[in-house]
Amino acid sequence: MLIQNGIPTAEDILSVTPPKERFAKGAVAIAECFQKIPCNPCTKACVKKAIRVEPDINETPRIDFDVCNGCGACIARCPGLAIFVVDKTYSDTEALVKLPFEFLPVPKEGQLACGLSRSGEELGWFPVVKAVSGGKKNMTWTVTLAVPKELAMEVRNIKAGGYQDGR
Amino acid sequence: MIREAEILVIGGGPAGLCAAAAAASLGARVLVCERDYVPGGQLVKQTHKFFGSEKQYAGDRGIHIGRLLVENALADPNIEILTEATVLGIYEDGIVTVLHDNRHIKIRPQKTIVTTGASEKFLAFPGNDLPGIYGAGAVQTLMNVAGVRPAERVLMVGAGNIGLIVSYQLMQAGVEVAGVIEAAPKIGGYLVHASKIRRAGVPIRTGYTVKEAHGNGKLEGVTICKLDDNWQQIPGTEEEIACDTLCLAVGLTPLTELCWQAGCEMAFIRELSGHVPLVDENLETTVSGIYAAGDVSGIEEASSAMVEGRLAGFAAAESLGYEAERARELKAAAAAELSELRSGPAGARILAGLTKASGLLASKKGGQAVC
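The listed protein sequences derive, respectively, from chains G and E.
Residue numbers for the first sequence follow our numbering, so the first one is 1 and each next one is one higher.
Residue numbers for the second sequence follow our numbering, so the first one is 1001 and each next one is one higher.
Simulated from the structure, these hints should not be mistaken for lab results.
Beta carbons: idealized from backbone N, C-alpha and C, even for Gly.
Do not rely on the hints blindly, as some may be mistaken.
Said to hold, decoys possible - Not close to chain G: a few residues of chain E, all C-beta gaps over 10 Å, as computed: (1) 1001; (2) 1003; (3) 1082; (4) 1145; (5) 1236; (6) 1355; (7) 1356; (8) 1362.
Unchecked claim - As a list, the in silico EDC-like pairs of lysine to aspartate or glutamate whose alpha-carbon atoms are at most 20 Å apart: (9) E:1055 / G:59; (10) E:1055 / G:54; (11) E:1218 / E:1176; (12) E:1186 / G:12; (13) E:1055 / G:56; (14) G:136 / E:1054; (15) E:1364 / E:1240; (16) G:36 / E:1340; (17) G:25 / G:150; (18) E:1055 / E:1340; (19) E:1106 / E:1120; (20) E:1121 / E:1257; (21) G:137 / E:1054; (22) G:36 / E:1271; (23) G:159 / G:122.
Just chain E, with the same shape it has in the complex:
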C-alpha cells in the first residue's frame, strides 16, 4: 500500500518541525518522518540558551525550544509525526521509502522538505579507534539525554561552538575538562562561550592538534603538538595530556545522501561545510517539489535552521495552492529574519557560501536555457 502525503518532512529537528508547523498553519497536511525515537533533533540535548532574537526564541534553552516545537506539532491536527522512521530513498517516480516499525513503507508525497541536518566530522591520527574517543555530539547525548556521566577527564578538540558548549556542559556534569585545543589560530565559536569556560579554569589553546592517542585497550592519554602557519606539526612541541576521553568537535558536514539520490543538483561549497543541494529563494532544490532547509543545505546555527524550515514550509504550502497571498508575506518575513541573522561578521561566511551557491544555480539555469 502506498501512503499519500501532501507534504513530507524528512527529519524532525529544528528545521523540520518549523517547516511542518509553517506548512500546517497555511492548511497543508504534513507528515514528518524522524529516525530517532523522539522528535526534536539536536535540540533535545542543547541545555544552553540560544542566541538570536525573540523571533527565534533567543534566551530560551534549546531543550525548552525543542519541547515547545514538539508539543505544538503534536497538538496540530494537520501534522503527523512518525518516529523511528528512517527514510531510505527518494525514487524517480516520486515514491519515498521508509523503514518504520520494522516495516518497509512507501509514501507518495506531493512535496518533500529535506531537513536531515548534519553529521560530525572525524579526525585522522594514530590511535583514533581507541575506546574513549568520541564525537562531541555523542558525549552530549550521553550526558544530557541519557543522564550518563561520560568521562572523568576530557580533552576537547575544536573551539567552535560545539566544542566550547560541550566543554561547558561536561563541567556542569562534574567532568574535568583538561583543555580545549584548536588547530586554527583563532577560536571559531562565539567568544562569550570561550570566556565562560576559560573563567572556569579551562585552558583554550589555539594552533594545536592531536598528534596521537594512546592507551592499553582504552584511551589513557593524548599527545598534542603545535601547528605552524601552514598547519604542519612542529617537531619538538609535543605535550602529553592524561585523559580517559577525547572529544572531537571538528565540524559538521551536511547529511545530503537523500538529495544526491533524488538527483538534486549539488555543489561543494567550503563555506557551507560540504556538498549541498543548490536551492532557490523558496529553498526548492533543482528537483521540482523537493525543498531543503537547515544544516543539510549549509552548516549554520539552529536559529537560522528554524527560520529556513519555516520559509520552506510556507513555500511548499504555497505551491500546493494554500493561501498564496499570506504565504508570500510570511515567506518575505522569514527571508528578512534570515538576512538579519546573517548580516553581521558572524554570518559573513554563510553569506559568502550562499552567494556562491546562488551563482552556481543561476549559471546552471542559464545553461539549460541555452540548450
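The following block holds chain G by itself, in its conformation from the complex:
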C-alpha cells in the first residue's frame, strides 16, 4: 500500500487515469498525487487551466482531460514529481511517456535508457525521444521515452546512468 511502501496501488492509479477515449485522442497529463497536502503549483503551471486544486490548497489535483492537451508544462513544475504525460497515439506499437528526472547524467535524445516501474523494477531499454531542461531555476528535466503501448501506464522512472547508444 502507498502509505506503507510508497507504491500506489492499481486502484490508486485507476482513480487518476484518463478514460480510453481520451487516450485515443493523444497526449494527456496524469497526476499521480493521492495525498491531501497543501500544494498547488500545478494549477499555475497549466496555461489552459486544466488543473484545479479546489476548493482549497489541500485538495488533490483534478485534471480536466478535455482541456489538457498533454503539453507537459506541469511535469517539471510539480514539487512532488508526480505528474506524467502519456501519449498512446505515438505509433501502432509504442506510446510516449514524459516523466520528470533529476539525476545526472541526463540521457540524451537517441540513447536508450532503462525504464523503471513505480516500484523501481527494470522494465526494459527504451529510446529517449526527447530530454528538455527545466531551466536554471527549475532544474528538473522532462524526459520522453518511447515504450511499448502495454507499458505506457507502467514506466515511471529512468535508471540513472549506463545509457546505451542507438536503437
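Take the given structure of chain G and dock chain E to it, following the hints.
Then chain E, alone, in the frame of chain G:
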C-alpha cells in the same frame, strides 16, 4: 558598551529572515543574529522544491528561496545581519548577550523574536556511537553545502519528510541507499517523496527499527528488526544490512533554551514535538516583547515557518508603533495563510497541538486574573 536594537531576531533561518523583512517593511530597524557563518538556516541545503502556494514560493527550491530571502535582507537598509553571532542568554533586565567575532557583546532590544529552529533527535541502540552514524541533517550539510560525498552505502532510519528527502538527495549525489526503515506502521512524510525514491528502487519498510549497529572502529553494518503493534522488537525477525553510513531522521525537537531562560511559560505538547513556548495570536510569548516563530514553537514545514516569521515581524513592528493599521491587515493576511496551510489532513496534527497550547495559555491567563 551596550548596543541598542529596536527588534532583535535570533536566528537567520526562514522564520527569522521573514520576520526581519516583515518588521523592516513597516519601518522598524532589525538586527538579526545568526550563529552560522551564512544566513539562511536549513534552506541553504534544501535542494528540493517546496510545497505550499505561490505566497510561500511553492515550486521553488529551498536553496533559491534562501538566497532570495538573504539577498532581500542584505539589500534592506533597515536590516543588519550579524553572522557567526551566537546568542548566549536573555537576561531579566532585557539584555541579550551574544558571542560574535570572539567577543562577548551585549544588546538591549526593545523587542525580540526568537526563531532558533530545531535540533535533530537521536536514537538509543547498541553501537550508536560508531563513526558513520549521522543525523540526516549533517549528511545533507556535507553533500549539499560542503560538496562532500558522505557515504558509499546508506541505511536511512525514518520515513518522515527529512528521511525521504535526504535519501533522494543522497541518490542524486551518487550514493547507494540500501533502504529506508520506519518504526511507525505508516510513512510519515509526503507520499510523493516516498514514491519518488521507491520508483528509483529504494525499499521503504515500515514497522522496522535498528536493533544494533556494528563494525570494527567504524560502521560496517546494521541489524534491523520488525516491531509489533506495541513497538516492541520481535525476536527472530533480525536482518543484516551492510552499510558504511547510518542516517538518523527520527524527528526534530524545538530549540527552546533561550525561551526557557527568558522565563517564557513553556508546555510539553506532543503534536508540536516537544516543549514549546506558549504564544498568543501575535506569536508573543508570556514574556512581554518576546515573540517566537517557526520550529522553535512547534515542528512544522518551512513554508509555515516563513509565514509565522512574517506574522511575528509585523506584530513586533506594530507594538513599536509602526503603521498600526497596515500591520493589522498584514497580520490578518498571514494568519489566513497559516490556516490555509494547516486546514488539510497534513496540518491536523499541528492544529491539534496549537489548540492545546492556546487552551493552556488561556487557562494560565485566567489563573493570573483570579490571583
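Okay, which hints does this one fail, numbers in order?
-> 15, 19
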